[in-house]
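As a plain string of letters, each chain reads:
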Amino acid sequence: MNHRILEGIRIVDFSWVMAGPMTTKMLGAMGAEVIKIESSSRPEFSVRDGMFAVINNNKRSCTLNITTPEGQEIIRDLVRQSHVVVENFSSRVLVKYGLSYDALREINPSIIFVSASGMGRTGPEKDLLAYGSLLQGYSGRVGMIGKPNPALEAMGILPAWTDPITALWETTAILSAVHHWRQTGQGSYIDLSMLEATVSLLPEALLHAALGKEPPERRSTTETGASPSGCFRCAGDDNWLALSVSTETEWRGLCQAMNDPALANEAFAETAETRLAAKPELNERVAAWLRSRDATEAEAALRSAGVPASRSRHMAEIVADPHMRERAMFREIDGVVEMATLPWLAEEGWRGDFAPTPAIGRDNDYVFGTLLGMPAERRAALAEAGTIR
Amino acid sequence: MKRYTEITGRGPLSGFTVLELGSDVSAAFGARVLSDLGAEVIKVEPLGGDPLRREIPLLPNGDSAFFAYLNRGKSLVSLDDATADGQYLLNELATRADLVIATAEAIERSGSGWTARPDTLVVSAEGLTRPSSGVRVSPFIQQHASGFAFHQASPVTDPAATPPVGCADWEGDMVGGLVVAIAALWAAGSPDKSRPGRMIDISHEDLLIYLLVEPFADWQGGKDVTDRLRDPSKGLTIAGGLVWYLPCSDGAVMVSPREDHQWQRWCEVMGQPAWTTDASLCGDRIVRTNNAARLQELMAQWTATQLTRDVVEAAKTARVACFPVSTPQDLIENIQLRARQFFEDVRFADGTVLPMPSLPFRFISQNGEELPRGVPKSAPASVADAAKLASALLASERTRTSEAALERQS
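Line by line, the protein sequences are chains A and B.
Per numbering that gives the first Met the number 0, the very first residue in the first sequence carries number 0; after that it's consecutive.
Per numbering that gives the first Met the number 0, the very first residue in the second sequence carries number 0; after that it's consecutive.
Okay, chain A solo, but in the shape it has when bound:
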């Protein structure tokens, strides 16, 4: 069985920060040869800290100054023998350095050119400088998660959202374009908007607004229509448990777990509707019950009574979870625990290829020598001149 469906596909990757790198990491995990164009003068590339190593697996790294005519000529040579170009430049840079789709399709007509930008490459706001974090505000999602506040706390700003979900849309678009190319031989141009990528995942808010309504509850803090439902503090410093009751069986399970005979006899206990009407009061009762209880024990008791419940877990606990290891979501590779490079599990336990993030410029000889056939002296001269850097 061939898992590496993109074997033989070469991608020239100009992208940086998060959305583009996450995209090409996924494509690399499916067997594509990703050539990351870097520059040692950019701190992001030279420092490589934080999440850089998590989102730049499965790539080759070369360093090139694309602002010089020689650098641009090398890019054209590379595009000539590649299948996909991924970029998130500003509109100005694209044209200035001759890297636009119109320029590159002259060299390789069937190139798949993928442009991810904040607002898209058309429309009155196409040239606006935008970052994923700001688009979480412009898309309105921050106000749907929590009350927006100057400290930017608990309103969906961290961890990044717009960038990872843009990566998922971008990967979808590229795989569709490769499918199309394999069927027809035709390349394509994809103009992806990060704003649209974010807004398209907010249907409840948009559809309510279109009907002149507001969603009855925030799904970030509760399950709509369930009662009780919320996230409650347990014993200890920072332990929380989410639970949600929708059905009669779950309600009976909750009464059993809470061991509170009075609860089942309250006026609000009768039906799901009466419980929903009394949601604040019911949530208070649950909050009082859980406040002094051990979260792990309460979770076990609720689940065994058939009540949907989970502690609010953190990454350290998730990485240590045997279920996650069994699913190969995390694996130890050369002494380092790594996350799976693809978010699904195929037969035979395959979760995407994994090669560690390359050192900057590690593949200069491969890209400029092996692929482009440039003699060593010429490469040395270009390095001396600062074109390969």
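In case anyone wonders, no lab produced these hints; they're calculated from the structure.
It is possible that part of the hints are untrue.
[To be verified] Straight-line distance between alpha carbons at most 30 Å, and here's what the computed DSSO-like set of lysine-lysine pairs gives: (1) Lys376(B) x Lys125(A); (2) Lys146(A) x Lys212(A); (3) Lys212(A) x Lys278(A); (4) Lys146(A) x Lys376(B); (5) Lys315(B) x Lys233(B); (6) Lys146(A) x Lys387(B); (7) Lys212(A) x Lys376(B); (8) Lys387(B) x Lys125(A); (9) Lys146(A) x Lys315(B); (10) Lys315(B) x Lys95(A); (11) Lys387(B) x Lys376(B); (12) Lys95(A) x Lys278(A); (13) Lys222(B) x Lys233(B); (14) Lys125(A) x Lys95(A).
[To be verified] On the chain A side, residues computed to face chain B include the following (Cβ under 10 Å): (15) Arg104; (16) Glu105; (17) Pro215; (18) Glu222.
Computed from a predicted model, the values in this text were never measured in an experiment.
We treat Cβ as the ideally placed atom computed from N, Cα and C, and that holds for glycine.
Let chain A serve as the given structure and place chain B on it in line with the hints.
Only chain B this time, still in chain A's reference frame:
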């Protein structure tokens, strides 16, 4: 295969056929994305209809706008898979499909004897490697189990008073739809014609964890990811840049003048060019991050007297990244989204027309053919119409089978 969906004749996935089974937002949205890209999607519902047909918001006639968002463009077939006719039709549909997208419950119901099944994406709460406990797992609970909620409320000034918080809207499930679409395209890239096909295991839990890039990087880097407490004086840098939320007289903006040259222009916009000469206040990125709370206060004194629109326009002119915090209504009216024909009108049986987001990208083939955007569409068929389509398909399949048998005899 005869096309049952609205024929567009276009799209990169033209000729690819998907069969969708079971009730799940991620499965439905993933299949819809494939449909938007030109695939033919046949969604099989029980006789009573998919329970998501009752999900809010509802139109006055009871139709669900949310169900329409997930299922427009698909052929809907309503059948009882416990009957011989139902099983026969399901099998015929599977025989002709390239891929099945299904919930774990739907696959379990179909049994191991479903030999006509092509490659199958199976969507479940925690994956096929863990037997279901029988306890319902809602998207809300899932976001806490996966760590998404904990890390979305981290760091905070007062962890004891700030509960973990989940995604907005249906985001947690919608993002699952994108993973479904990607996995479907991956499976399509290496078609295995043997039947029954491969099982590809998609768990809601896994895919939410997969998005937690920074928390995983922090854990890998040896940081204490269990501690949510923050230093309130320092600003938040996200993907390398400092970001501020500033209330205005009629709303709020978010702004990120992260580079020194952007900061300088932003100070000019605020009428405070002198600040840039105060090295201890805002000399460079590090100083600004350390003084973020103080700077926030100073900047808010100005923005609080300004209209959101004016702040955004002034920042735009100065090439500083600055956007308003939108409401859903703002988005429906947004000039950029409108100019790009992002919304398409979906018409319901009662005549209601609602704008709904389309794919977030323009897709133009080398020959200049563009995947249509902003084209009016019909809402999905009713359950009654889905049952009628099932009957018609059954009759046509039986006729086809009889004709084939007659041909073989002659």
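Quick rundown of the hints versus the structure:
no., hint, verdict
1, Lys376(B) x Lys125(A), "holds (27 Å)"
2, Lys146(A) x Lys212(A), "holds (19 Å)"
3, Lys212(A) x Lys278(A), "holds (21 Å)"
4, Lys146(A) x Lys376(B), "violated (35 Å)"
5, Lys315(B) x Lys233(B), "holds (26 Å)"
6, Lys146(A) x Lys387(B), "violated (48 Å)"
7, Lys212(A) x Lys376(B), "holds (22 Å)"
8, Lys387(B) x Lys125(A), "violated (46 Å)"
9, Lys146(A) x Lys315(B), "holds (26 Å)"
10, Lys315(B) x Lys95(A), "holds (21 Å)"
11, Lys387(B) x Lys376(B), "holds (21 Å)"
12, Lys95(A) x Lys278(A), "violated (59 Å)"
13, Lys222(B) x Lys233(B), "holds (18 Å)"
14, Lys125(A) x Lys95(A), "holds (16 Å)"
15, Arg104, "holds (7 Å)"
16, Glu105, "violated (12 Å)"
17, Pro215, "holds (7 Å)"
18, Glu222, "holds (4 Å)"
Against the hints set out earlier in the document, violations occur for numbers 4, 6, 8, 12 and 16.
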